[in-house]
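Protein chains in written order, with our numbering: chain A, 1 to 304; chain B, 1 to 397.
Keep in mind that the hints were calculated from the coordinates and are not lab data. Hints may be right or wrong, so weigh each one.
Straight-line distance between alpha carbons at most 25 Å, and here's what the computed SDA-like set of lysine to any residue pairs gives [what the hints assert, rightly or not]:
1) 348(B) x 89(A)
2) 272(B) x 292(B)
3) 176(B) x 108(A)
4) 66(A) x 348(B)
5) 115(B) x 101(A)
6) 66(A) x 52(B)
7) 219(B) x 89(A)
8) 195(B) x 66(A)
9) 86(A) x 392(B)
10) 200(B) x 66(A)
11) 320(B) x 391(B)
Every beta carbon over 10 Å from chain B, so not counted as near; a handful from chain A, in silico [said to hold, decoys possible]:
12) 29
13) 90
14) 100
15) 124
16) 131
17) 139
18) 148
19) 197
20) 203
21) 243
22) 251
23) 258
24) 259
25) 262
Short derived list, chain B residues pointing at chain A, Cβ under 10 Å [what the hints assert, rightly or not]:
26) 109
27) 124
28) 128
29) 134
30) 175
31) 184
32) 198
33) 210
34) 213
35) 317
36) 321
37) 353
The structure presented is a predicted model; accordingly, all values stated were derived computationally and were not measured. By construction, the Cβ of each residue, glycine as well, lies at the ideal position given by its N, Cα and C atoms.
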Amino acid sequence: MSETKLTDFAAIDAQQAERGAAADITSWALTMHRWSQWLQSPRPYLMLIGFAGFLGFWYFAVEVWKLPRFAEMPGPTQVFGEWFSKDPTYGLSIFTPEYYLHIWVSTRRIAIAFFLATATGVPLGLFLGWSLRFKQYVFPVFELLRPVPPLAWVPLAIVMFRGSETPVIFLTFLASFYATALNTMLGVESIDVSYVRAASCLGAKRWQVFRHVIVPGALPFIFTGLQISVGVAWFSLVAGEMVSGQYGLGYVINTSYTMVRYPTIVIGMATLGIVGYVTSAAIRLLGNHMMQWRMRELSLGASR
Amino acid sequence: MHYNSKICACRTGTEGVPRFFQKVAVWFALVLSASVAQVFLSAGQASAAAVKDYGKPGQPIELVIGYQPYYTESWSGVIMRDKKFYEKYLPKGSTVTFQIGLQGAIIVNGMLAGKVDVGYVGDMPAIVSTSHADVRDIRMVSVLGLGFDQCNIFLTRTDAPTFKSPDEALKWLDGKTVAVPKGSCTDRFAQAVFKEKNLKPAEYLNQSIEVITSGFRAKKLDAAVIWEPTASRLIQENLARRVASGASVNERDGGFMVMPAALIEQRPDVVKAWLEAELDAELYFADSKNAMSIAKMAASQTTGFPEKALWASAFAQYPKSAGGTDNRITLAYGFTPEAKDLVQKASKFLVEIKSIKSEIRPEAVMPQFTADILTARGLKAPVGEVKALPESAYAGK
Numbered sequence: 001m002s003e004t005k006l007t008d009f010a011a012i013d014a015q016q017a018e019r020g021a022a023a024d025i026t027s028w029a030l031t032m033h034r035w036s037q038w039l040q041s042p043r044p045y046l047m048l049i050g051f052a053g054f055l056g057f058w059y060f061a062v063e064v065w066k067l068p069r070f071a072e073m074p075g076p077t078q079v080f081g082e083w084f085s086k087d088p089t090y091g092l093s094i095f096t097p098e099y100y101l102h103i104w105v106s107t108r109r110i111a112i113a114f115f116l117a118t119a120t121g122v123p124l125g126l127f128l129g130w131s132l133r134f135k136q137y138v139f140p141v142f143e144l145l146r147p148v149p150p151l152a153w154v155p156l157a158i159v160m161f162r163g164s165e166t167p168v169i170f171l172t173f174l175a176s177f178y179a180t181a182l183n184t185m186l187g188v189e190s191i192d193v194s195y196v197r198a199a200s201c202l203g204a205k206r207w208q209v210f211r212h213v214i215v216p217g218a219l220p221f222i223f224t225g226l227q228i229s230v231g232v233a234w235f236s237l238v239a240g241e242m243v244s245g246q247y248g249l250g251y252v253i254n255t256s257y258t259m260v261r262y263p264t265i266v267i268g269m270a271t272l273g274i275v276g277y278v279t280s281a282a283i284r285l286l287g288n289h290m291m292q293w294r295m296r297e298l299s300l301g302a303s304r
Numbered sequence: 001m002h003y004n005s006k007i008c009a010c011r012t013g014t015e016g017v018p019r020f021f022q023k024v025a026v027w028f029a030l031v032l033s034a035s036v037a038q039v040f041l042s043a044g045q046a047s048a049a050a051v052k053d054y055g056k057p058g059q060p061i062e063l064v065i066g067y068q069p070y071y072t073e074s075w076s077g078v079i080m081r082d083k084k085f086y087e088k089y090l091p092k093g094s095t096v097t098f099q100i101g102l103q104g105a106i107i108v109n110g111m112l113a114g115k116v117d118v119g120y121v122g123d124m125p126a127i128v129s130t131s132h133a134d135v136r137d138i139r140m141v142s143v144l145g146l147g148f149d150q151c152n153i154f155l156t157r158t159d160a161p162t163f164k165s166p167d168e169a170l171k172w173l174d175g176k177t178v179a180v181p182k183g184s185c186t187d188r189f190a191q192a193v194f195k196e197k198n199l200k201p202a203e204y205l206n207q208s209i210e211v212i213t214s215g216f217r218a219k220k221l222d223a224a225v226i227w228e229p230t231a232s233r234l235i236q237e238n239l240a241r242r243v244a245s246g247a248s249v250n251e252r253d254g255g256f257m258v259m260p261a262a263l264i265e266q267r268p269d270v271v272k273a274w275l276e277a278e279l280d281a282e283l284y285f286a287d288s289k290n291a292m293s294i295a296k297m298a299a300s301q302t303t304g305f306p307e308k309a310l311w312a313s314a315f316a317q318y319p320k321s322a323g324g325t326d327n328r329i330t331l332a333y334g335f336t337p338e339a340k341d342l343v344q345k346a347s348k349f350l351v352e353i354k355s356i357k358s359e360i361r362p363e364a365v366m367p368q369f370t371a372d373i374l375t376a377r378g379l380k381a382p383v384g385e386v387k388a389l390p391e392s393a394y395a396g397k
């Protein structure tokens, strides 16, 4: 690459744009390479062994050994028999359209709640970590509200919000928001102050320090928080869907309890676990992808 | 830093999967295939729960009673708890613990888990409880009460139109948001009425009684189908309006007592003792002179319900235009033809809506205990009625 004077800002911008495009292509190839490495490593097989062990224990504990307190649970034969049945006894299986409707409704609620939690939690966390004065005003209130479980908010959520979707999304949003904001704040606080000083010494203004040092520096914590956040959003969903009363995986679990449909409870739980796992993994992959790009940009800039 | 190619190869797999992990992969594949084949090929094995040991006839017993003070039709349980009629019939030294269930399904789940020995539940949870013999064999042994406006009351929001008749009110529910607690007698009743009248609510929400209360308070619900005493409470707090009931569509509801087959087989003496006490409780309930006393008992065993609402749930006279009846509860005690008819009809309906796998087993209904007790006492089923009383009969605050 040709030498560019530090004052030739248009040329610097053009070079950075070129570098960015190259980085995108390279980071996708790197992601695919890492996938192939993962498949060739023992990790996926050990994961499958773990699942097989869990299923095996469930089967033997409930259906073969009939261990105390396990004997009354539905076993994998009953659950999978119902889950994969074309004419399920209790009306829900992979062959019924309602099953996918419940998944879609829950996923949509999670997506909205998660998006809102991220959009509010990340900026709040950044400011809590960045500004001591702001933290002194806001953090005590934040910490007071944080331990209140979503279930306790159900009556107020019904009264506060219009319609039936908004209270559900609010209840799902709550736990997610706290996890995101807290992790973001911790991410900011974990940044070595010497980076801030170095940037300031080089002439960076306060907002430039925030944009180029604080935000990228906090990204690993932010993405950890987002992974936790999507997980807690899923388990707040069951509380939220008690309010909604009609669709969703939480509704399936809740209704199956009152209708005494034990296999369907397990189907609801397992489906929720699978979909939750997939969303969490998607966040993790997105985070890996985004932070690869940032690392490459910094390293390419350093190599000039 | 020294580059160790062997370590790096192990970590990144850049030189192929080491032999150890290949062996693990093959072993895993074999184990997984065997496990999956075993799970799918084996027939569903009945995993019946361990049978509880209730002791020998004549010995003292510890009983856990699941009852519902928040369900008026089953208030013989409320009377039992207060009056302790069981003390003179159970073997000396027996202990009885009462556990409150907000809904019959909670009690049924407790019975299936072996934690509750006697259940006071509505018709739908009673029938559902008998359909899980593979988990625990539960039987219906007595009828707590039958009614037309106990577990089947239609409420609308207070600003709903004024209806000329209950039929018009029911038609109005078409396309509206209706809430019921699923798995309850109201759920069965509401679905049966909607099917018969060809009505389709825009939303049929599964909500507990407290969420329904909040929903009416926040004006989010158009209607709900609920049981007493919550219905009377919502009316008295001006949160909802009563528009119809089972009387409007000639659809009955009922409360039943259920017990595990193990208790019945091992301790027929205890079953007889408890049912003797139950008869005393139902006779007490039938005597209108005890109305205030019963309302006070219910008030002491519930929270958040005014005494007047509790009194009204059992004894108030509601207008016929809103599905009111002169006879609020028929205290059947034994399995009368009406009770048997309700059980059969409800059972068929529950199979249709996939709530239960098959219709109720004949052996799940055991009328013999109550029949013997009635014969011994020279009585016939039904043993009494809870009559509707004028508002002036309420002597409380």
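### Task
Find the hints from earlier in the document that the structure breaks and name them by number, from lowest to highest.
Going through the list in order, the structure violates hints 2, 4, 5, 7, 8, 9, 10, 13, 21, 22, 23, 24, 25, 30, 32, 35, 36 and respects the others.
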